[in-house]
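Use the sequences and the hints to build the structure in full.
Counting from 1, one number per residue, gives the positions in the sequence shown under the numbering used here.
The reader is advised that the hints may include incorrect statements.
To be verified - Here are the simulated distance ranges between beta carbons:
| id | residue 1 | residue 2 | range |
| --- | --- | --- | --- |
| 1 | 13 | 37 | 36 to 42 Å |
| 2 | 45 | 5 | 22 to 28 Å |
| 3 | 20 | 41 | 23 to 29 Å |
| 4 | 56 | 4 | 39 to 45 Å |
| 5 | 8 | 35 | 18 to 24 Å |
What the hints contain is simulated information worked out from the structure, not anything from laboratory work.
Glycine included, each C-beta is placed from N, C-alpha and C at the ideal position.
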Amino acid sequence: MSLRVRRFVCEEESCKRKTFAEQVPGRTRRFGGRTERLRSTLVSVGLALAGRAGAPPG
Numbered sequence: 001m002s003l004r005v006r007r008f009v010c011e012e013e014s015c016k017r018k019t020f021a022e023q024v025p026g027r028t029r030r031f032g033g034r035t036e037r038l039r040s041t042l043v044s045v046g047l048a049l050a051g052r053a054g055a056p057p058g
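As structure tokens, then:
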């Protein structure tokens, strides 16, 4: 699955943020960098492994 969003540019000099990404309800989160589907999958994997994936072997 591919998701495309629009990027907007603020040309106002006093604006601290110069670019803005379009938000898609239920699919994206502000400053997320991941889709909601990927985030929920990662949460499920983390809960299933209970932190064992990051533990030293032994």
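So, going through the hints one by one against the coordinates:
| no. | hint | result |
| --- | --- | --- |
| 1 | 13 to 37: 36 to 42 Å | holds (38 Å) |
| 2 | 45 to 5: 22 to 28 Å | holds (25 Å) |
| 3 | 20 to 41: 23 to 29 Å | holds (27 Å) |
| 4 | 56 to 4: 39 to 45 Å | holds (41 Å) |
| 5 | 8 to 35: 18 to 24 Å | holds (20 Å) |
Hint check: no violations occur; every hint is consistent with the structure.
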